[in-house]
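S.K.: Chains as they are written, first to last, in the numbering used here: chain A, 1 to 450; chain B, 1 to 450.
Bear in mind the hints are in silico, worked out from the structure with no lab data behind them.
Each residue gets a CB set at the ideal place from its N, CA and C atoms; glycine is no exception.
None of the hints are false.
Subject to a maximum C-alpha distance of 20 Å in a straight line, what follows is the list of computed SDA-like cross-link-like pairs (lysine to any residue):
{"#": "1", "chain 1": "A", "residue 1": "LYS348", "chain 2": "B", "residue 2": "GLN5"}
{"#": "2", "chain 1": "A", "residue 1": "LYS412", "chain 2": "A", "residue 2": "ASN349"}
{"#": "3", "chain 1": "B", "residue 1": "LYS194", "chain 2": "B", "residue 2": "GLN155"}
{"#": "4", "chain 1": "A", "residue 1": "LYS348", "chain 2": "B", "residue 2": "ILE6"}
{"#": "5", "chain 1": "A", "residue 1": "LYS194", "chain 2": "B", "residue 2": "ARG159"}
{"#": "6", "chain 1": "B", "residue 1": "LYS348", "chain 2": "B", "residue 2": "LEU359"}
{"#": "7", "chain 1": "A", "residue 1": "LYS47", "chain 2": "A", "residue 2": "ARG12"}
{"#": "8", "chain 1": "A", "residue 1": "LYS348", "chain 2": "B", "residue 2": "ILE276"}
{"#": "9", "chain 1": "B", "residue 1": "LYS194", "chain 2": "A", "residue 2": "ILE190"}
{"#": "10", "chain 1": "B", "residue 1": "LYS196", "chain 2": "B", "residue 2": "PRO145"}
{"#": "11", "chain 1": "B", "residue 1": "LYS348", "chain 2": "A", "residue 2": "ASP36"}
{"#": "12", "chain 1": "A", "residue 1": "LYS348", "chain 2": "B", "residue 2": "ASP39"}
{"#": "13", "chain 1": "A", "residue 1": "LYS194", "chain 2": "B", "residue 2": "ARG158"}
{"#": "14", "chain 1": "B", "residue 1": "LYS348", "chain 2": "A", "residue 2": "ILE276"}
{"#": "15", "chain 1": "A", "residue 1": "LYS380", "chain 2": "A", "residue 2": "GLU310"}
{"#": "16", "chain 1": "A", "residue 1": "LYS47", "chain 2": "A", "residue 2": "GLU18"}
{"#": "17", "chain 1": "B", "residue 1": "LYS194", "chain 2": "B", "residue 2": "MET146"}
{"#": "18", "chain 1": "B", "residue 1": "LYS348", "chain 2": "A", "residue 2": "PRO275"}
{"#": "19", "chain 1": "A", "residue 1": "LYS380", "chain 2": "A", "residue 2": "ALA443"}
{"#": "20", "chain 1": "A", "residue 1": "LYS348", "chain 2": "B", "residue 2": "LEU8"}
{"#": "21", "chain 1": "A", "residue 1": "LYS47", "chain 2": "A", "residue 2": "ALA19"}
{"#": "22", "chain 1": "B", "residue 1": "LYS348", "chain 2": "A", "residue 2": "SER42"}
{"#": "23", "chain 1": "A", "residue 1": "LYS380", "chain 2": "A", "residue 2": "ARG450"}
{"#": "24", "chain 1": "B", "residue 1": "LYS412", "chain 2": "B", "residue 2": "ASP213"}
{"#": "25", "chain 1": "B", "residue 1": "LYS348", "chain 2": "A", "residue 2": "ASP39"}
Under 7 Å between C-beta atoms, here's a sample of chain B residues computed to sit facing chain A:
{"#": "26", "residue": "TYR168"}
{"#": "27", "residue": "ASP245"}
{"#": "28", "residue": "ILE259"}
{"#": "29", "residue": "ILE280"}
{"#": "30", "residue": "ALA294"}
{"#": "31", "residue": "ILE301"}
{"#": "32", "residue": "GLU305"}
{"#": "33", "residue": "ALA312"}
{"#": "34", "residue": "SER319"}
{"#": "35", "residue": "LEU324"}
{"#": "36", "residue": "ARG338"}
{"#": "37", "residue": "ALA339"}
{"#": "38", "residue": "VAL372"}
Protein chains: 2
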Amino acid sequence: MDPSQIELALTRIRAALEAGEVQAAIDTLTDLHPVDRADAFSDLDDKDQAALLPRLDLEATADLLEELEDEQAAAVAETFDTEQLADVLDEMEPDEAADVLGDLPADRAEQALAEMEEARNVLPLLPFADETAGGRMTTSFIALPMGTTASEAIQILRRVEPSSETPYYLYVEDEADRLVGIVGLRDLVISDAKTKVETIMDSEVISAHTQEDQEDVALRMARYDLAALPVVNDRGVVVGVITHDDVLDVVAEEATEDIYRLANVPDPDLSINSPIRQAIRMRIPWLYLSAATALFAAWVISNFESLIAEVAILAVFLSVVAGLGGNTATQSLALIVRALALGEIDMKNAWRTVLKEGLTGFVAGALVGTVVGLAVWAWKGNPVLGMVLGVALIGNMLVAGFVGALVPISLKFLRLDPALASSVLVTTVTDSVGFALFLTFSALALSNLR
Amino acid sequence: MDPSQIELALTRIRAALEAGEVQAAIDTLTDLHPVDRADAFSDLDDKDQAALLPRLDLEATADLLEELEDEQAAAVAETFDTEQLADVLDEMEPDEAADVLGDLPADRAEQALAEMEEARNVLPLLPFADETAGGRMTTSFIALPMGTTASEAIQILRRVEPSSETPYYLYVEDEADRLVGIVGLRDLVISDAKTKVETIMDSEVISAHTQEDQEDVALRMARYDLAALPVVNDRGVVVGVITHDDVLDVVAEEATEDIYRLANVPDPDLSINSPIRQAIRMRIPWLYLSAATALFAAWVISNFESLIAEVAILAVFLSVVAGLGGNTATQSLALIVRALALGEIDMKNAWRTVLKEGLTGFVAGALVGTVVGLAVWAWKGNPVLGMVLGVALIGNMLVAGFVGALVPISLKFLRLDPALASSVLVTTVTDSVGFALFLTFSALALSNLR
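Same shape as in the complex, but just chain A (with noise of 0.2 Å):
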């Protein structure tokens, strides 16, 4: 929907509070999308807020607490006393329902499953970790025995209470309840009545375990084109299942995580609508620690200061060298981040791709460094001068295609996320390897410098 219309209805609504015609409001925002119902909620005010939310029928707050970001969903929530907030939540999709249970106060959260009827769909999605399989999982689906035939299957379709997690797919189990395959929901509609599920079921099932990482479920999902991936627990059984709008926000969580993390801002619920004390809060941190890797690269230059009081001019390319290198590092960084996020780095590959973006910085290097090295003889008429540059920026680049290739890889092997801290450590690398090589060199070449 055109933003503009979500502005119109706020407008309307607002004009309708005012002259409180509170059911004309609740119109107009009943007859929005509730993806656009939860936006136009969200930008009301407090004062708002409160009075509409009285007077939305059950299904409609349902609908606002799912689409609500979490803190906010959990906000409304806190308003309810414990009855109602039992019945919206099993009004609710179960893994929506225990995401908004998650961010109450455990006492809240208790009292509510306690009233909920449909509490058996939500206690077992409690237990898991958000990154999980199991914390992505919803348990709407529907698991059918072996010998169950077609028309059986509609039947038990009928039976279920329709849920906007579409079950495409249908879970065929043998007798210990193990999930041995997939029924897609085009192939029961055509079969004959009498036809058994196994019979056209696809058995070379793919699945996740309950406790394995979300991205590389996602990853999975990607991989095969999966609109629903079922998620089996240690004895096979299927437990809930992953739908493709979870894959995608997966898949753009982890990239705003990545951009994220490769800029240094270390959390990626931070957005430019956060509050300034929290956006600095959160960048602070980061700030400090790069302060210090700069004091160190300073300190690097400081054992060089009588030969630039000797010679000033060295000071005026530090910086050109320490930038090279740092560009080139941070190509190679975006590269090696972004495939091992797609997963195309393993044990196999890593030290020939490291060794690869390390000749890939020095044949850069020798291109550059010869290019800046004339530049420079040009403008300051002295070809040692542009010479030690040169070099200096041969040996940076290399080291810098080299670090930005062996550190994200490196911390991916230790089970650390290579994103983060790898831009702090390669930069301080290139910096202090630049100044050192600029300076050593230009140490040797004093007496032509001078």
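Fit chain B to the given chain A structure using the hints.
M.R.: Then chain B, alone, in the frame of chain A:
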């Protein structure tokens, strides 16, 4: 699938071919999931590929062409004669067939199209640019006229050939063939046989136009959690469908693009597997550009050469000012580029966002500048040096936050890619401003620095 399983299959296939048992090799290959099969096939050398290809049946060949990378699929297609090629293309998903045809020489593509039986499904896809909704959609979908009953719809489903791009949804059209509603397969299945589709359809249709940019389409599908989105032409007639796996590809591609561009890697197709020549050819222009801007920043410093000759210690801290400015700007850049990609910035909040980033930079500068200033005072024993550095940091980090937000937002409003060139532009500003501020303040305080 575990990569080691593909390795295992490859070992078996190579051994079978070595022993002349082509059928055994084919069997091992076709036992794999089509996605893994394509991976394994790519890893075989040309000789082995040539031995296997003619022995694959039509369906396996079509699967292979669908899953191979574009370039390799075209290479394989080139080995067939026109008739074989037409048969294989007929067997493929229309959108995949269109992609292969687009990568073939024009005359080969024309000949193949002339021989194809299903050309009418593929032809409508050919005119659209790759990055539009039309370029992403497939023509395999089912449209029903209003008045169709549930049982008639199921009859139609039975008649239409099954397709891997599962039609979870059926599209309902009015007399002028315009899209008026969507019926979920599940609702169809559980409805009474005589129910008319218009009574169970959802008439609040979310769709895309053929010419729309794929990124906007992906944002819409992600926003509303859609598994499939109908694509309509100027007359409102459905001409294709975009499925969830396409969205995932778009989101992943756009994320790669943003990460690369922020790191000055211009081509999103570059990967760790690209030949080294290509890697250097793509990366070097940006390194030259960054060399040019680094030399500009060096020129700024060169205006203060006599100052540095007098107070060489200043050279030590130049990189601290530039580095922290660059880091602050990079943080802002990452936040803004991501917010732009997720559609969170519009005309209304753009200016506020820029000011907020500037303010964040100022506050962070005050915090970091104070600590660094005190540290340098302690290290070098000169309070004025510490103060000059601290004040320069505050100024530069204010500028950094401001420019780090202003540049990508301006590029976006100029309809350019906000991530491209942002880093270079922003770093040039923060380097030059940082050097100028620090050295100007130093010149002013010269008597206390000597």
